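As you go down the protein sequences, you meet chains A and B in turn. Sequential numbering of the first sequence, starting at 11, is according to my numbering. Sequential numbering of the second sequence, starting at 101, is according to my numbering.
If you're looking for bench data, these hints aren't it; they were derived computationally from the structure. Please read all numbers here as calculations on a predicted model, not as lab measurements. Do not take every clue at face value.
Restraint ranges, calculated between C-beta atoms of paired labels, are given here [as the list claims (entries may be wrong)]:
1. B:Gly166 <-> A:Val141: 55 to 63 Å
2. A:Ser146 <-> B:Ser245: 35 to 43 Å
3. B:His125 <-> A:Lys25: 42 to 50 Å
4. A:Ser146 <-> B:Glu240: 30 to 38 Å
5. B:Glu114 <-> A:Pro308: 51 to 59 Å
6. B:Ser364 <-> A:Arg136: 24 to 32 Å
7. A:Thr19 <-> B:Gly466: 20 to 28 Å
8. B:Lys417 <-> A:Gly177: 40 to 48 Å
9. B:Cys324 <-> A:Val141: 53 to 61 Å
10. A:Tyr135 <-> B:Cys324: 52 to 60 Å
Ideal Cβ placement from N, Cα and C applies to all residues, glycine included.
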Amino acid sequence: MSTRTINNTQEFSWKRFFLQWEWMLVALIIIIFLINSSISPYFLNYLSISDATMTFLDKAFIVFPMVMIMIMREIDISVGSTVALSSVVMASLYNAGLPMVLAIGACLLVGALCGFFNGFLLVKYRQLSAVIVTLSTMILYRGIAYMILEDQSAGEFPTWFSFFGWGYIGSVPFILVLFVVMAIGAVLLLQKTVFGRRVYAIGSNPTASRFSGVKVDKIKLIVFTLAGLMAAITAIFLTSRMGSTRPNVANMYELDVIAMVALGGISTAGGKGKMLGAILAVFVIGYLQYGLGLINIPAQMLLIIIGVLLIASVTVTNLRVKGKLQKKKSKKKVKKAS
Amino acid sequence: MSEYVLKLEGITKEFPGVKALDNVHFDLKAGEIHALMGENGAGKSTFIKVITGVHSPTSGEIYLNGEQVEFDNPKEAQYMGIAAIYQHVTNYPDLSVTENIFMGHEKIGKWTRRINWKQMHADAKSLLESLGSDLDPKTEMGSLSVAQQQIVEIAKALSSNAKIIIMDEPTAALTHRESEELYKITEQLRDDGVAIIFISHRFEDMYRLADRVTVLRDSQYIGCWDVDKITHDQLIVAMVGREIKQLFPEKQNQLGEEVLRVESLGQIGRFKDISFSLKRGEILGITGLVGAGRSELCQALFGIEPYDEGTVYFEGKKQVIKTPEDAIQLGIGYLPEDRQAQSLILQWEISHNISLSALTSISKKGWLAEKKEREIAKELAEKVDVKTKSIFDPASSLSGGNQQKVAVAKLLTTNVKVLIFDEPTKGVDIGAKSAIYQIIVDLAAAGYGIIMISSEMPEVIGLSDRIAVMCEGRVTRVLDKSNATQEAILEASMSKKVNNSKVG
Numbered sequence: 011m012s013t014r015t016i017n018n019t020q021e022f023s024w025k026r027f028f029l030q031w032e033w034m035l036v037a038l039i040i041i042i043f044l045i046n047s048s049i050s051p052y053f054l055n056y057l058s059i060s061d062a063t064m065t066f067l068d069k070a071f072i073v074f075p076m077v078m079i080m081i082m083r084e085i086d087i088s089v090g091s092t093v094a095l096s097s098v099v100m101a102s103l104y105n106a107g108l109p110m111v112l113a114i115g116a117c118l119l120v121g122a123l124c125g126f127f128n129g130f131l132l133v134k135y136r137q138l139s140a141v142i143v144t145l146s147t148m149i150l151y152r153g154i155a156y157m158i159l160e161d162q163s164a165g166e167f168p169t170w171f172s173f174f175g176w177g178y179i180g181s182v183p184f185i186l187v188l189f190v191v192m193a194i195g196a197v198l199l200l201q202k203t204v205f206g207r208r209v210y211a212i213g214s215n216p217t218a219s220r221f222s223g224v225k226v227d228k229i230k231l232i233v234f235t236l237a238g239l240m241a242a243i244t245a246i247f248l249t250s251r252m253g254s255t256r257p258n259v260a261n262m263y264e265l266d267v268i269a270m271v272a273l274g275g276i277s278t279a280g281g282k283g284k285m286l287g288a289i290l291a292v293f294v295i296g297y298l299q300y301g302l303g304l305i306n307i308p309a310q311m312l313l314i315i316i317g318v319l320l321i322a323s324v325t326v327t328n329l330r331v332k333g334k335l336q337k338k339k340s341k342k343k344v345k346k347a348s
Numbered sequence: 101m102s103e104y105v106l107k108l109e110g111i112t113k114e115f116p117g118v119k120a121l122d123n124v125h126f127d128l129k130a131g132e133i134h135a136l137m138g139e140n141g142a143g144k145s146t147f148i149k150v151i152t153g154v155h156s157p158t159s160g161e162i163y164l165n166g167e168q169v170e171f172d173n174p175k176e177a178q179y180m181g182i183a184a185i186y187q188h189v190t191n192y193p194d195l196s197v198t199e200n201i202f203m204g205h206e207k208i209g210k211w212t213r214r215i216n217w218k219q220m221h222a223d224a225k226s227l228l229e230s231l232g233s234d235l236d237p238k239t240e241m242g243s244l245s246v247a248q249q250q251i252v253e254i255a256k257a258l259s260s261n262a263k264i265i266i267m268d269e270p271t272a273a274l275t276h277r278e279s280e281e282l283y284k285i286t287e288q289l290r291d292d293g294v295a296i297i298f299i300s301h302r303f304e305d306m307y308r309l310a311d312r313v314t315v316l317r318d319s320q321y322i323g324c325w326d327v328d329k330i331t332h333d334q335l336i337v338a339m340v341g342r343e344i345k346q347l348f349p350e351k352q353n354q355l356g357e358e359v360l361r362v363e364s365l366g367q368i369g370r371f372k373d374i375s376f377s378l379k380r381g382e383i384l385g386i387t388g389l390v391g392a393g394r395s396e397l398c399q400a401l402f403g404i405e406p407y408d409e410g411t412v413y414f415e416g417k418k419q420v421i422k423t424p425e426d427a428i429q430l431g432i433g434y435l436p437e438d439r440q441a442q443s444l445i446l447q448w449e450i451s452h453n454i455s456l457s458a459l460t461s462i463s464k465k466g467w468l469a470e471k472k473e474r475e476i477a478k479e480l481a482e483k484v485d486v487k488t489k490s491i492f493d494p495a496s497s498l499s500g501g502n503q504q505k506v507a508v509a510k511l512l513t514t515n516v517k518v519l520i521f522d523e524p525t526k527g528v529d530i531g532a533k534s535a536i537y538q539i540i541v542d543l544a545a546a547g548y549g550i551i552m553i554s555s556e557m558p559e560v561i562g563l564s565d566r567i568a569v570m571c572e573g574r575v576t577r578v579l580d581k582s583n584a585t586q587e588a589i590l591e592a593s594m595s596k597k598v599n600n601s602k603v604g
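Same shape as in the complex, but just chain A (with noise of 0.2 Å):
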């Protein structure tokens, strides 16, 4: 019908390559690291270091899905909830004589069922919002680990149920190699997968993706399944850590783990971001957290810290298509903050 050549091959472009948000988050991390290192000697401590790496990775598992959550423009903040009860089912079911590896399957079983649950409630009623559906579950599973402990506390697992916590594979911790192969699988499912680009799809345009023949209900039901199985995942780890638990467990986790993803540069208006910004964001907040630990200041300064980062990321990643120079005012203002 034409003779027009319309180009189908993009010359590399540093210019591109470096306006990334993630360079940003890069440059984040390497500041925080000659920051503390430079006031504290004890930052660079290979063991303690690694040491905090554990502390915080355990929520960070949940980053994974819920990247792929705020990207469809939905939210869950039931995720602390579900951590909360899957470790009190998994306790309470081994402390009532089950053996510990069932215990464990039960455990990933019920956070598999809490993310399908909202995902169910999602997709059958369309006009809920999902800040309501995962609040009302939120304060449900909270009220059911309650009721199965009473505020009590559980433990007294075997010995080896440590090595999640606590175990190292050479000099690496588990939980940082288990973290970094989940953490590339997450990457390449988003961004490289028909999957991660329906995901995207069903974020920007929800209709336009369902008159294309996106599945849309079913990657929201799998999407939320899979935020309850890596809580779930979480519980494991925490538990293993603690060595017990209770029904109060992981109380808040689903802020902090909404305000890396946001630091990472997803766009809560849907469509936007990439799963390798909040998996650096993961670390920029642990890092910050462990070395201003070191230092002596107090936990409310850590809250401001973070407070005025995630104003200054969320602020700067919705403006960020402007340009160039909104990025080097951002550039300045977290420095400052950090």
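Here the structure of chain A is known, so what remains is to put chain B in place on it, guided by the hints.
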């Protein structure tokens, strides 16, 4: 008092980097309907915004009743008696008709400072009656049809004593019959001494109504003519800048074997007992009034709202279509009416838009095949002639007509045999229209079976091999190309509606 109620001289409006208006002239007499025409992007909207005080011009003068004026904001223009009725009616759907009419100038009791509802309802009622409408002013705005909402908007303009009314594409969403009602109201307003600026893509609107026509092209003033002194061809040259020899291209399609047949298809409350068949290479036009169930029928065929009863045969085999995936799998493609909301992801690059429905085939075991994706995108974008430099440009950077071409290209990625076009030329200008017609005709010649829903009679008659006319959820008549006339279509589309279709 000057002859002209409104006169604009040498209006130029610059935005950073672009001249949206370049030395534009315009004048308007009392009791005149003045058409303003031009392609999309010619500067009509900006011009209207200058008149209504939304934008202030960079240079140039505005005279109202012979006196020079400057509007700092829309409120001032409104106060001076200028009102605009927009294409996409802007109103408060949850409020009543009365509230919509008096929004911003409610009648308030002198002493009590309370809203005088009784007075307002009565005034609303008499305003509507003066427009020949028997709408209840207490009705919720959102429950009205587009045509009725427009009448309310006109009443709103009159309630603020507007002497100049601007109508921006008022007939775009109306059916033939509803347009006719609107014409009458417009003429009545004119006879009452209101000056009207009428913007439309539809030539029939202009011929039917306007006394004079002003044409804008590429932000510039091209000219102003008396409607009866300019020929259709001259007008098109003025608008497009070149001659469009033939709006409807030569058809070369050969009808093949039957590809789709539906038998007594029905969906509760929407349509009933629909039967028709479609051959390869055939263009089947479906027309009728808005609300006759045309879109609903086609969306059911595409699995968006599944049908409740009846059977679909695809290539001779009985099939069930419950979801869009089912339809795509079979080989049915659907071009939605609202491309920005239902088809494209505007912020995405063109190539990702084109590939979206075909991701399963443009992948290996779930992994995206990006090279293949780029090749397919390039091939299809060239095939439908999208005016762009690169497939990496975002869809939002394209004009309406080119976005529509991308939406068409997107359908061709899958292995389709039947294409359903729902109002394919809605809101695109005449240049892009003829390009889209060419694509449709070429696709038919390539052997695709095509169903085209359209409210524009010339389009249906000019392209279709057969025309199915729908009315109140049923096919009232199927006309062959040879006996399809406007009259026959109109008659069939209103065969049941004669007594109860009064607009308003």
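Okay, A:Ser146 versus B:Glu240 on CB: inside 30 to 38 Å?
Once the Cβ atoms are compared, 31 Å apart, the range 30 to 38 Å for B:Glu240 and A:Ser146 holds.
Whether the CB-CB distance between B:Glu114 and A:Pro308 falls inside 51 to 59 Å:
Given a distance of about 56 Å, which is inside 51 to 59 Å, the answer is holds.
A:Tyr135 and B:Cys324, beta-carbon distance inside 52 to 60 Å?
Check passed, 57 Å falls within 52 to 60 Å.
C-beta pair B:His125, A:Lys25: status relative to the range 42 to 50 Å that was hinted:
45 Å, holds
Hint check for A:Val141 and B:Cys324 - Cβ pair distance inside 53 to 61 Å
Holds, since B:Cys324 and A:Val141 (Cβ atoms, about 56 Å apart) stay within the stated range.
Is it true that B:Ser364 and A:Arg136 lie within 24 to 32 Å of each other by Cβ?
31 Å, holds
Looking only at beta-carbon atoms, does the pair A:Thr19, B:Gly466 fall within the given range of 20 to 28 Å?
Because 25 Å falls inside the window, the suggested range holds.
Is the distance from the Cβ of B:Lys417 to the Cβ of A:Gly177 consistent with 40 to 48 Å?
59 Å, violated
Confirm or reject the claim that B:Gly166 and A:Val141 have a C-beta distance inside 55 to 63 Å.
Cβ of B:Gly166 to Cβ of A:Val141: about 58 Å, so the range 55 to 63 Å holds.
Quick check on a hinted range of 35 to 43 Å for A:Ser146 and B:Ser245, using CB atoms only.
The hint (35 to 43 Å, Cβ to Cβ) holds, given that A:Ser146 and B:Ser245 are roughly 39 Å apart.
This entry does not satisfy hint 8, going by the numbered hints stated previously; all others are met.
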